[in-house]
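Last residue of the sequence shown? That's 116 in the working numbering, and every number before it is there in order.
Simulated from the structure, these hints should not be mistaken for laboratory data.
Don't take every hint at face value.
[Claimed, not checked] Estimated spans, in silico, between C-beta atoms of each pair:
1. Glu-16 to Lys-50: 46 to 52 angstroms
2. Thr-33 to Ser-13: 27 to 33 angstroms
3. Lys-32 to Ile-57: 30 to 36 angstroms
4. Asn-72 to Leu-31: 52 to 58 angstroms
5. Leu-74 to Asn-37: 46 to 52 angstroms
6. Glu-48 to Ala-82: 46 to 52 angstroms
7. Arg-67 to Glu-23: 55 to 61 angstroms
8. Glu-23 to Cys-53: 39 to 45 angstroms
9. Leu-31 to Glu-68: 48 to 54 angstroms
10. Lys-10 to Thr-33: 33 to 39 angstroms
11. Arg-67 to Asp-41: 30 to 36 angstroms
12. Ala-27 to Asp-6: 27 to 33 angstroms
[What the hints assert, rightly or not] Below, simulated DSBU-like cross-link-like pairs (lysine-lysine); rule was C-alpha separation at most 30 angstroms, straight line:
13. Lys-46 to Lys-62
14. Lys-62 to Lys-50
15. Lys-20 to Lys-1
16. Lys-1 to Lys-11
17. Lys-20 to Lys-32
18. Lys-10 to Lys-20
19. Lys-50 to Lys-32
Here a beta-carbon is modelled for each residue, glycine too, at the ideal position from N, C-alpha and C.
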Amino acid sequence: KQLKEDLVAKKVSLEEAIAKREEEKSAEDELKTENENALDDELNYKAEIKQDCDWIIGAFEKRAASREAELNGLHGAKEFLAGYKPPSEASLLEKSRPKFFDDQRLASIGFLGVRH
Numbered sequence: 001k002q003l004k005e006d007l008v009a010k011k012v013s014l015e016e017a018i019a020k021r022e023e024e025k026s027a028e029d030e031l032k033t034e035n036e037n038a039l040d041d042e043l044n045y046k047a048e049i050k051q052d053c054d055w056i057i058g059a060f061e062k063r064a065a066s067r068e069a070e071l072n073g074l075h076g077a078k079e080f081l082a083g084y085k086p087p088s089e090a091s092l093l094e095k096s097r098p099k100f101f102d103d104q105r106l107a108s109i110g111f112l113g114v115r116h
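Model the full structure from these sequences, guided by the hints.
Have a look at this one:
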């Protein structure tokens with residue numbers, strides 16, 4: 001009789017363990033499905049932006065060189081304007097010229113209305 005009771009208790013215990021494992025498996029399957037859907041969304045998004053990203057990567061060097069040239073042109077124009085003298089004061093021969101560029105002289109000069 002004791003053996004039968006032990007076996008019944010063991011059966012009940014195993015059935016509970018199996019039910020618990022099935023619940024855990026079901027939760028894991030749901031999580032797996034959610035993760036697969038998220039992965040699919042990420043892969044679709046990556047495919048959508050690939051063409052734009054490839055273009056940006058391909059054009060980066062050219063665009064960087066263009067920005068560098070524009071910046072150099074703006075610096076040259078700023079330096080030219082900083083050294084400008086009205087025609088009455090200008091002469092063909094300048095007697096003294098600063099040996100370095102003085103940024104303080106440019107405080108009142110703005111480019112496109114932007115002040116520094």
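Results for each hint:
1. Glu-16 to Lys-50: 46 to 52 angstroms: 51 angstroms, holds
2. Thr-33 to Ser-13: 27 to 33 angstroms: Because 31 angstroms falls inside the window, the suggested range holds.
3. Lys-32 to Ile-57: 30 to 36 angstroms: About 34 angstroms separates the Cβ atoms of Lys-32 and Ile-57, which means 30 to 36 angstroms holds.
4. Asn-72 to Leu-31: 52 to 58 angstroms: 56 angstroms, holds
5. Leu-74 to Asn-37: 46 to 52 angstroms: Holds - the Cβ-Cβ distance for Leu-74 and Asn-37, about 50 angstroms, lies within 46 to 52 angstroms.
6. Glu-48 to Ala-82: 46 to 52 angstroms: 48 angstroms, holds
7. Arg-67 to Glu-23: 55 to 61 angstroms: Given a distance of about 60 angstroms, which is inside 55 to 61 angstroms, the answer is holds.
8. Glu-23 to Cys-53: 39 to 45 angstroms: At roughly 43 angstroms between Cβ atoms, Cys-53 and Glu-23 fall inside 39 to 45 angstroms, so the hint holds.
9. Leu-31 to Glu-68: 48 to 54 angstroms: Because 50 angstroms falls inside the window, the suggested range holds.
10. Lys-10 to Thr-33: 33 to 39 angstroms: 34 angstroms Cβ-Cβ, so the 33 to 39 angstroms window holds.
11. Arg-67 to Asp-41: 30 to 36 angstroms: At roughly 35 angstroms between Cβ atoms, Asp-41 and Arg-67 fall inside 30 to 36 angstroms, so the hint holds.
12. Ala-27 to Asp-6: 27 to 33 angstroms: 32 angstroms, holds
13. Lys-46 to Lys-62: Roughly 25 angstroms separates the two Cα atoms, so the pair holds.
14. Lys-62 to Lys-50: Distance ~19 angstroms between Lys-62 and Lys-50 Cα, so the pair holds.
15. Lys-20 to Lys-1: 29 angstroms, holds
16. Lys-1 to Lys-11: 15 angstroms, holds
17. Lys-20 to Lys-32: 18 angstroms, holds
18. Lys-10 to Lys-20: 15 angstroms, holds
19. Lys-50 to Lys-32: 27 angstroms, holds
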